[in-house]
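Protein chains: 2
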Amino acid sequence: MSARVLIVDDLFPNVKLLETKLSLEYFDVLAAMNGPDAIAICEKGLCDIVLLDVMMPGMDGFEVCRHLKNNPVTAHLPVVMVTALDQPSDRLRGLDAGADDFLTKPIDDTALFTRVRSLVRLKAVTDELRSRAMASRDFGMGDPLALATAETGLNAQILMVEDRRASAERMAASLGQHHVVTLEADPHQALLTATDHAFDAILVSLDLAGFDGLRLCSQLRSLDRTRSVPLIMLAEPHDRSRIMRGLDFGVHDYLMRPVDRNELVARVRTQVRRKRFSEVLRGAVQASMELAVTDGLTGLHNRRYLDSHLGTLFGDAIARQRPVAALILDIDRFKSINDTYGHEAGDEVLRTFAERIRLHTRGIDIVARYGGEEVVIILPEVGLPEAQLIAERIRERVEMMPFSVQRATRSVGVTVSIGVAVRDPADVSAGDMLKRADLALYRAKAAGRNRVEAQAA
Amino acid sequence: MSARVLIVDDLFPNVKLLETKLSLEYFDVLAAMNGPDAIAICEKGLCDIVLLDVMMPGMDGFEVCRHLKNNPVTAHLPVVMVTALDQPSDRLRGLDAGADDFLTKPIDDTALFTRVRSLVRLKAVTDELRSRAMASRDFGMGDPLALATAETGLNAQILMVEDRRASAERMAASLGQHHVVTLEADPHQALLTATDHAFDAILVSLDLAGFDGLRLCSQLRSLDRTRSVPLIMLAEPHDRSRIMRGLDFGVHDYLMRPVDRNELVARVRTQVRRKRFSEVLRGAVQASMELAVTDGLTGLHNRRYLDSHLGTLFGDAIARQRPVAALILDIDRFKSINDTYGHEAGDEVLRTFAERIRLHTRGIDIVARYGGEEVVIILPEVGLPEAQLIAERIRERVEMMPFSVQRATRSVGVTVSIGVAVRDPADVSAGDMLKRADLALYRAKAAGRNRVEAQAA
Numbered sequence: 004m005s006a007r008v009l010i011v012d013d014l015f016p017n018v019k020l021l022e023t024k025l026s027l028e029y030f031d032v033l034a035a036m037n038g039p040d041a042i043a044i045c046e047k048g049l050c051d052i053v054l055l056d057v058m059m060p061g062m063d064g065f066e067v068c069r070h071l072k073n074n075p076v077t078a079h080l081p082v083v084m085v086t087a088l089d090q091p092s093d094r095l096r097g098l099d100a101g102a103d104d105f106l107t108k109p110i111d112d113t114a115l116f117t118r119v120r121s122l123v124r125l126k127a128v129t130d131e132l133r134s135r136a137m138a139s140r141d142f143g144m145g146d147p148l149a150l151a152t153a154e155t156g157l158n159a160q161i162l163m164v165e166d167r168r169a170s171a172e173r174m175a176a177s178l179g180q181h182h183v184v185t186l187e188a189d190p191h192q193a194l195l196t197a198t199d200h201a202f203d204a205i206l207v208s209l210d211l212a213g214f215d216g217l218r219l220c221s222q223l224r225s226l227d228r229t230r231s232v233p234l235i236m237l238a239e240p241h242d243r244s245r246i247m248r249g250l251d252f253g254v255h256d257y258l259m260r261p262v263d264r265n266e267l268v269a270r271v272r273t274q275v276r277r278k279r280f281s282e283v284l285r286g287a288v289q290a291s292m293e294l295a296v297t298d299g300l301t302g303l304h305n306r307r308y309l310d311s312h313l314g315t316l317f318g319d320a321i322a323r324q325r326p327v328a329a330l331i332l333d334i335d336r337f338k339s340i341n342d343t344y345g346h347e348a349g350d351e352v353l354r355t356f357a358e359r360i361r362l363h364t365r366g367i368d369i370v371a372r373y374g375g376e377e378v379v380i381i382l383p384e385v386g387l388p389e390a391q392l393i394a395e396r397i398r399e400r401v402e403m404m405p406f407s408v409q410r411a412t413r414s415v416g417v418t419v420s421i422g423v424a425v426r427d428p429a430d431v432s433a434g435d436m437l438k439r440a441d442l443a444l445y446r447a448k449a450a451g452r453n454r455v456e457a458q459a460a
Numbered sequence: 004m005s006a007r008v009l010i011v012d013d014l015f016p017n018v019k020l021l022e023t024k025l026s027l028e029y030f031d032v033l034a035a036m037n038g039p040d041a042i043a044i045c046e047k048g049l050c051d052i053v054l055l056d057v058m059m060p061g062m063d064g065f066e067v068c069r070h071l072k073n074n075p076v077t078a079h080l081p082v083v084m085v086t087a088l089d090q091p092s093d094r095l096r097g098l099d100a101g102a103d104d105f106l107t108k109p110i111d112d113t114a115l116f117t118r119v120r121s122l123v124r125l126k127a128v129t130d131e132l133r134s135r136a137m138a139s140r141d142f143g144m145g146d147p148l149a150l151a152t153a154e155t156g157l158n159a160q161i162l163m164v165e166d167r168r169a170s171a172e173r174m175a176a177s178l179g180q181h182h183v184v185t186l187e188a189d190p191h192q193a194l195l196t197a198t199d200h201a202f203d204a205i206l207v208s209l210d211l212a213g214f215d216g217l218r219l220c221s222q223l224r225s226l227d228r229t230r231s232v233p234l235i236m237l238a239e240p241h242d243r244s245r246i247m248r249g250l251d252f253g254v255h256d257y258l259m260r261p262v263d264r265n266e267l268v269a270r271v272r273t274q275v276r277r278k279r280f281s282e283v284l285r286g287a288v289q290a291s292m293e294l295a296v297t298d299g300l301t302g303l304h305n306r307r308y309l310d311s312h313l314g315t316l317f318g319d320a321i322a323r324q325r326p327v328a329a330l331i332l333d334i335d336r337f338k339s340i341n342d343t344y345g346h347e348a349g350d351e352v353l354r355t356f357a358e359r360i361r362l363h364t365r366g367i368d369i370v371a372r373y374g375g376e377e378v379v380i381i382l383p384e385v386g387l388p389e390a391q392l393i394a395e396r397i398r399e400r401v402e403m404m405p406f407s408v409q410r411a412t413r414s415v416g417v418t419v420s421i422g423v424a425v426r427d428p429a430d431v432s433a434g435d436m437l438k439r440a441d442l443a444l445y446r447a448k449a450a451g452r453n454r455v456e457a458q459a460a
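Sequences listed follow chains A and B, in order. The first sequence begins at 4 in the numbering used here and counts up by one. The second sequence begins at 4 in the numbering used here and counts up by one.
Don't read these hints as lab results, they were simulated from the structure. Careful, some of the hints might be misleading.
Remember, identical chains collapse to one label, so a pair may be satisfied in a single copy or spanning two.
Claimed, not checked - Once the Cα atoms are required to be at most 25 Å apart in a straight line, the calculated SDA-like pairs of lysine to any residue come out as:
(1) Lys338 with Arg452
(2) Lys24 with Val83
(3) Lys47 with Asn73
(4) Lys72 with Gly48
(5) Lys438 with Asp342
Nothing here was measured: the structure is a model prediction, and the numbers come from that model.
Looking at chain A on its own, in the form it has when it is part of the complex (with noise of 0.2 Å):
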């Protein structure tokens, strides 16, 4: 995937000799002399990929990888330091400032274009995700970006498939010590348990018994079930070739063995917080689309949900010759509960009466409000009696207990008259059923109230 890869350096010749291999292999290329520099052009959403120098004067890397991953505006731009020599502690400091990955000092040519390959590709795939997000915040959701960028990477369920005894657990021990670990040697069993949990990193073994890893990685790619969870390989020094071929078709990270204790909880932590990521934004998305169809004084469905799926559900039972019924709720004399107990606990009583209600109904069931103090209640396969008994049954735990209002200090006897109504084979649509619920419901109220009355036989 073509991209803009952001080259940081103090050093001229090592922006140019960068500049140079990425822009052969088709990448735009821009250049930063130094961290502030960097940011100002990450933050302006210039760039898809930071390849940033750890030693430079004033801000060195750590600092503006620490920057950039804790501002939610860059905290999703992939960061690669790059170290003149490979020490253990420059790799943590950069992974505990949130940095994707290393590269050294002089610098392979295929890991550079593999690595700034994959970690282009996993962005792509979350970039429509992060945009939808950021339209949800333009909507007044709240900031998912800051949310997600606030998530720390802990307590997470790893699944590690090992089949070396001792190192499965000497790793597992270090793990353990932030997450909940899952240990499993064969890979064929390793998959079925992938499958069957929800896992938030898996790390797997290139160098099984007679199994080649890596295969197993790409099941885990391909699967609906497994497919967004960060996969981490582990490897042998000799088995580069291996790892690129599994950077490139999406496995997210490795290690190199022997595992380095503190590197290994660094890069979990960092997989597992790019997951979570991924998944506050998403949960963000969702929310602000559920938002649109749900009331927001009583958390029932509202009237524009109602209308979307009664005619689809409605449609299926006269197809299939199915029955459905419909309840329509009335609060009685509920402007009188406003008038003398004000709107606040005219609300209070509508929120009880919308709890009461979700007692006596199935997740099947359609429960919308409709009005000011109306409720619509569809009943999927259920015919008049027992639409009569559910009723029934609503009314008396309306009426049974007083509904306290004013924070507690008050209760109010609230009554509700129900009108019920059954699909008939006449029926053109749902609002002829509807029609007759109504019909039902005035002559409750006409009766007296605190009533269900149903459609005329």
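Guided by the hints, dock chain B onto chain A, whose structure is given.
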């Protein structure tokens, strides 16, 4: 990127051969020996890409392809047709059926892997969008997938970057029958044109005089403005390695010279459809998020939107010591309109009321339906005298012309009372300002309605 590849071929040795090749490259392979089985696997969502043999007894490859591409559930799956003979007529039939590409037997491995990887990567980028859009359908926003699948791919804006005049004009003539074509011979100018206008597809010659067309492709793939515009390379047969490279970094398709007119038209159309498919899905997600903050009846923002934006807006005004004004509007004797003319007439009045308010507010103002017949307007950068003027203008506009109701068969006189307040240096939150506006509204009502009252000085 790893993926589940479905091989469809009625001959077992053909299946076996492809399976072995793909498996060695760490793809997950499924097979179907006939069309109906293939369709069933696709509908169950078990694969990411389809390699489809043309010649099969019963349902042939074209028919299977057409079926997959016309079904909203499977239309997003890339389909590569595998043909024994590279007949232009076969290609055309395949493209007409919606195929994404072709491979000719005997299959060249590099071409196979490049094609499959490139198509799978493009799919991965839109998968997230697709699943959000499917959720929006579940929330009752119509069926964006069906809408997206019905897109024709015609009447598009096409940019053609080609400096061979005769060839350019010939291609433009063919495409011009279905689209609007812009010709550009200079690659530097083409980049500017592409970022300045919204094109639906861009064709780029790889043989521009003194310029590597692939470089232009990579720049177009990198820039935010053009990244999602489909790219098609125009290439000579000896250019195979650059074609593969282009596909690898995200170019969508290519045409081999001499360009067959019909194939040109078909491939451009496929790419335009693909782009619009994503746009429809993106629009559906966006729309369902917008609904969450929109009042269904009037189209104004709802209280949820006001509550979540007012705090930020007011905080900014405090920080920058800028004025901000609040208007609370309440239709006079609204209940009697409902009682006299019915609820539907009341709704018509609210809609007309909202329209008239819109005429007197700016894009930066917040206009939200607050309760039944109450609207709140927040005016940034507006002081008390100006706010009173705006309120007075709205009041006049409402009174001046009767509101037509009952489908324009009757009209009813409507008036509105308005309370006005502005930010005070002592205000801690927007609530303080709203409270003063509410008091002013109360005084307007008490003083006889159809009035504007401002907060006490």
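Checked hints:
1. Taking the shortest Cα distances, lysine 338 and arginine 452 sit within 25 Å of each other both inside one copy (14 Å) and across copies (23 Å).
2. For a Cα distance limit of 25 Å, the shortest separation of lysine 24 from valine 83 inside one copy, 16 Å, qualifies, whereas the shortest one across copies, 33 Å, does not.
3. For the homomeric pair lysine 47 and asparagine 73, the shortest alpha-carbon distance inside one copy (16 Å) is at most 25 Å, but the shortest distance between copies (41 Å) is not.
4. Taking the shortest alpha-carbon separations for lysine 72 and glycine 48, only the intra-copy value of 14 Å comes in at or below 25 Å, while the best inter-copy value is 36 Å.
5. Taking CA atoms no more than 25 Å apart as the test, lysine 438 paired with aspartate 342 passes between copies only; the shortest distance there is 20 Å, against 30 Å inside one copy.
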